[in-house]
Amino acid sequence: MADEFEKFEVYQLAVNLTKNVFNLLNQDKYKREFELSNQIKRAVLSISNNIAEGSEYNNNAQFIRFLKYSKGSCGEVRNMLHLCSVLYEEDTQDLINDCKLVSRQLSKFIDYLSKTDVKKRS
Numbered sequence: 001m002a003d004e005f006e007k008f009e010v011y012q013l014a015v016n017l018t019k020n021v022f023n024l025l026n027q028d029k030y031k032r033e034f035e036l037s038n039q040i041k042r043a044v045l046s047i048s049n050n051i052a053e054g055s056e057y058n059n060n061a062q063f064i065r066f067l068k069y070s071k072g073s074c075g076e077v078r079n080m081l082h083l084c085s086v087l088y089e090e091d092t093q094d095l096i097n098d099c100k101l102v103s104r105q106l107s108k109f110i111d112y113l114s115k116t117d118v119k120k121r122s
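Under the numbering used here, think of the first position of the sequence shown as 1, with each following residue one higher.
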């Protein structure tokens, strides 16, 4: 039976990160900054979306490609959280740490999939 992406720990971490970023952006000061808020939302949504999409291709090479996209989006979110810290004197360190955790988990998952010859699910 195929693994379901919802069961992957890194997916669950990405969803939690998304929830927390959306909570941050729910503040009035970010509602006025539509472009910034919209870009962060799109990037953070991309992390879990790419994990889900890549897992559905049923082969490691494709899954790894989408996990790398997720990792790139994670870096983008982290950068924008740094900008929120600078521009709005917002304490984003916990969210930045969450991004780093998701990024490390994605790296480990990519390494694992790269080392196995078994094609991901049939």
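To be clear, the hints were calculated from the coordinates, so they are not data collected in a lab.
Treat the hints with caution; some may be incorrect.
Listed next, the in silico DSBU-like pairs over lysine-lysine satisfying Cα-Cα at most 35 Å (straight line) [stated by the list, open to error]:
(1) K115 x K7
(2) K31 x K100
(3) K115 x K31
(4) K68 x K41
(5) K29 x K41
(6) K19 x K68
(7) K31 x K7
(8) K29 x K71
(9) K68 x K108
(10) K71 x K31
(11) K68 x K100
(12) K7 x K68
(13) K100 x K41
(14) K29 x K68
(15) K108 x K7
(16) K31 x K19
(17) K71 x K115
(18) K29 x K115
(19) K31 x K41
K29 and K115: Cα distance at most 35 Å?
Violated, at roughly 46 Å.
Starting from K19, check that the Cα of K68 is at most 35 Å away, please.
Holds. K19 to K68 sits at ~21 Å (cutoff 35 Å).
So if I understand the rule, the pair passes when the alpha-carbon distance is 35 Å or less; does K115 with K7 pass?
Cα-Cα ~21 Å, so holds.
For a C-alpha distance cap of 35 Å, please report whether K108 and K7 respect it.
At roughly 16 Å apart (the allowed maximum being 35 Å), K7 and K108 satisfy the hint.
Hinted pair, alpha-carbon criterion (35 Å max): K100, K41. Please report holds or violated.
Roughly 17 Å separates the two Cα atoms, so the pair holds.
Pair hint K71 and K31, alpha-carbon separation not exceeding 35 Å
OK: K71 and K31 at ~26 Å, within 35 Å.
Are K71 and K115 close enough, with their CA atoms no more than 35 Å apart?
holds (18 Å)
Holds or violated: are the alpha carbons of K29 and K68 at most 35 Å from each other?
holds (32 Å)
Taking 35 Å as the top limit, are the C-alpha atoms of K68 and K100 close enough?
holds (14 Å)
Below or equal to 35 Å on CA atoms is what counts here, so check K31 against K41.
holds (12 Å)
What's the verdict on K115 and K31, does the C-alpha distance respect the 35 Å limit or exceed it?
Violated, at about 44 Å.
Assess, step by step, whether the Cα of K68 is no farther than 35 Å from the Cα of K108, and give holds or violated.
Roughly 11 Å between the alpha carbons, so the hint for K68 and K108 holds.
The structure does not agree with the numbered hints 3 and 18 stated previously, though it agrees with the rest.
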